[in-house]
Amino acid sequence: MTRNLIDFVDITHKEFDELYRLCADIMKKPDKYKNVCVGKVLANLFYEPSTRTNLSFRTAMYKLGGSVIGFSDPGSSSVAKGESLKDTIVMMSNYADLIVIRNPMEGAARAASLYSRVPVINAGDGGHLHPTQTLADLTTIRMHTGGIKNLNVGICGDLMNGRTVHSLIKALSGFPDIRFYFISPRELKIPDYIRYFLDSNKQKYIEITSLEATVSSLDVLYMTRIQRERFDSESEYERHRHAYILTSGKLSDAKSSLLIMHPLPRVDEISVDVDNDPRALYFAQARYGMYIRMALIMTMLKNAPAEPRETEVGGAACVNPRCVSMFEKYLPNLTYEREGRVFCEYCDKEI
Amino acid sequence: MTRNLIDFVDITHKEFDELYRLCADIMKKPDKYKNVCVGKVLANLFYEPSTRTNLSFRTAMYKLGGSVIGFSDPGSSSVAKGESLKDTIVMMSNYADLIVIRNPMEGAARAASLYSRVPVINAGDGGHLHPTQTLADLTTIRMHTGGIKNLNVGICGDLMNGRTVHSLIKALSGFPDIRFYFISPRELKIPDYIRYFLDSNKQKYIEITSLEATVSSLDVLYMTRIQRERFDSESEYERHRHAYILTSGKLSDAKSSLLIMHPLPRVDEISVDVDNDPRALYFAQARYGMYIRMALIMTMLKNAPAEPRETEVGGAACVNPRCVSMFEKYLPNLTYEREGRVFCEYCDKEI
Amino acid sequence: MTRNLIDFVDITHKEFDELYRLCADIMKKPDKYKNVCVGKVLANLFYEPSTRTNLSFRTAMYKLGGSVIGFSDPGSSSVAKGESLKDTIVMMSNYADLIVIRNPMEGAARAASLYSRVPVINAGDGGHLHPTQTLADLTTIRMHTGGIKNLNVGICGDLMNGRTVHSLIKALSGFPDIRFYFISPRELKIPDYIRYFLDSNKQKYIEITSLEATVSSLDVLYMTRIQRERFDSESEYERHRHAYILTSGKLSDAKSSLLIMHPLPRVDEISVDVDNDPRALYFAQARYGMYIRMALIMTMLKNAPAEPRETEVGGAACVNPRCVSMFEKYLPNLTYEREGRVFCEYCDKEI
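Chains as they are written, first to last, in this note's numbering: chain X, 1 to 351; chain C, 1 to 351; chain W, 1 to 351.
Okay, chain X solo, but in the shape it has when bound:
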């Protein structure tokens, strides 16, 4: 498997299949795995708080018999303050066997991988990528459908912002006979680059505004939060939000096999009366996320520690103000070409 997990596309279907089988076996026989990481150390570097992801990785490592070091927000650590990302990563990879990094700068995980002596897992780099959330989502769907194919997948809420949704869309497009129903207010439709991606992959999808009108056709309903900040006015926001809150009432015509998912934490986009519905899987989804991370950690640790790859300086500088290369000046410019266009290898923005 890939040395580092920066982007979900780093994982092939075959590799996902192996991770999934390992995950399923861990869930069946946890005792068999409770000592496999004894003596191993995970560095959990959270430059911004994300309790769920942080706890999910911690618990995963603990259940494998390993240990965890790191920090859970910059304030709590003099490492995170002042010091360059490079120096922190080099030091941490001196201590740990595996690094998990969450950082608000886009491309931070890729940058970290340039200097780490051990594998790096991206636990979220700004609005850019969050591959292990996608891993948890696919695991949940497969666990409850017996195979990711021939599904009507509804995704509801804010489809414009939120890497979770975009990453899930890209990942699901790789599976056979997936039909997307994008349910959102006009203000929050999927962005052009996703539409471009879907069209160039001949992916079937429709965009609608009504959740109620759509729910009965769905096999999967993935709910996301609509944030106040996204609207020009409070009234705009109030006008929309109720239409995109899932209640047990709106589920009356839904299939009995529907999977109701949510990345959590929820605010009020799913009302508590749905929690007791057997189709509500969002809490189980978090549990699957922890088990698939156990499988991921085991698999990544098989990659023997190796000096980071040589990087050739060169190419154009990135122009994205949120790109890690804007903040960490010693970073080499890294670019790649696709269809004659040039992109930054850190943040994937076109240059």
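Any copy will do: because identical chains look the same in the list, a pair fits if it lies in one copy or spans two.
In silico lysine to aspartate or glutamate, EDC-like type, Cα no more than 16 angstroms apart, as pairs: (1) Lys86 x Asp268; (2) Lys86 x Asp273; (3) Lys86 x Asp275.
Read the hints as simulated data drawn from the structure, not as lab findings.
Fit chains C and W to the known structure of chain X by using the hints.
Coordinates of chains C and W only, in the frame set by chain X:
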């Protein structure tokens, strides 16, 4: 044993006896137990800081070979902020095998137990209950008396406030031939509901104001802190405090078998010159507290994870402004009747 | 070995030799040691943040199969706030098998050792001592020279302040044929007490201001940071700093066997272009520091828990305003004599 430990009354004398024997064996042969919780995870959820209780549970779990996740104060966790208690508990019980919760809302531990898939231990819910402190206190007394019976128990300081003292009084009343000496300024005497409890249990007790006049008759002296805030004026406070500070001088007539106890941390209510007195047990008390928690964790983990019990909505709403049901609106009203009066099942206040 | 490690002089050359051999074996066969501390608990008490030292000890304990409790800065702990150092130490030594303490008060580690039931390791007490950093430094030198003798050791930067440097100078003076090159601006030369120490030990050393003129003669170059605060004016600072920044350019005439060291974290006193130089050992130095701490922990844990030694009150009170005895009033006065002069046993200042 009870699935959850919310209130010390959940533990029968027989169960305390079993916990005590296990505790004593752990102290004798710690190596025998150092791997019994390998692969198990304790969620230590501290919504307000309490370093001692927090460390005591952590260390207990570590000495059993288990792991610990959680947070030590709300500020440090996005889970504790914003999210409902229910969602946090459901998520945590996805990850952990046992939950320990400390929360300023009265009844929070009971509320948590409604949604947890794993056993819940109350590590303090506001001014309401703190059963594992009582467990530590009884363990200390038994460890040094060979049996909790026929004892003159002095409790000194602020007897009006402080759940530690009230819980200890209730618990000790269940043992044979206990005689209480309540030593406090008039302003800080035991509250009426405790007096009512003692009288209806025909429990022997006397209330006095002088520590010096009483100490010679005692088998146990339980010291507590008198807080400035409790008095109308600084002068009021100054007038009293010295009378309730234990010094080696005041111990001159005390029994050689006296047990001097304190829940810690102390400020100056016990002067340092007492620390070297062999009768000073307050530091040992903390150590016993850790060992009895080891026994408790082992015992609770035998309760296989089970879906939480069904709760029937209904009954009257609680009126206690500090009750968890005031803050977490989705909670069902839960009540119980005693002697024709109705009480809230969360905070035990009469409705 | 000594029960506590307060000062590097507590370790004899023979003991350092044993620690070093154990460290080398751990690096060769880590799996052999991954369970030696199962069931053991390290209390990591950091009264001021020091992520590197903190993580180094944590990781060391984890790699030995042990657990860690404690706090990483006073704010995060009610123990560190309000409570006396004595009470915190007594409580912690109730829970843990070994205490590591970092505290801004000079002599705090010595004071802690008076009340701890378990061994105490000094991880830095204000500007006073930091023996495990010196341990890491010597380990690095020996690892790359095959024996600490006949070396030209350059120490560059702020030589007036900084216990790391002073402790290293004292320690190296104990080895054969060491010649020091003290490279610093006049404002930041070694203090008189170090000069007195060197002269009375007939230790060879020269003081110069130019790094470039010296580097070619060196076997070891130990870089330290020059802090803005140390100079009267910004211009003074700017005038100096560049002369004491190590660049690959300045290394052109250096020996191919030169060891470039730094205690970390660095700011800009070593430019990043030096990082890829095979002679740059400062990151490796941190790794060796973690392994030698593993050896130290194993060795200290062999010291069976024992009640702290009796201390005889008496002697004169210390006058150093940063001495722990100024803040913790219950501490006995402890002094020792040397050459007819009297020193405080906590902070080693003359009385």
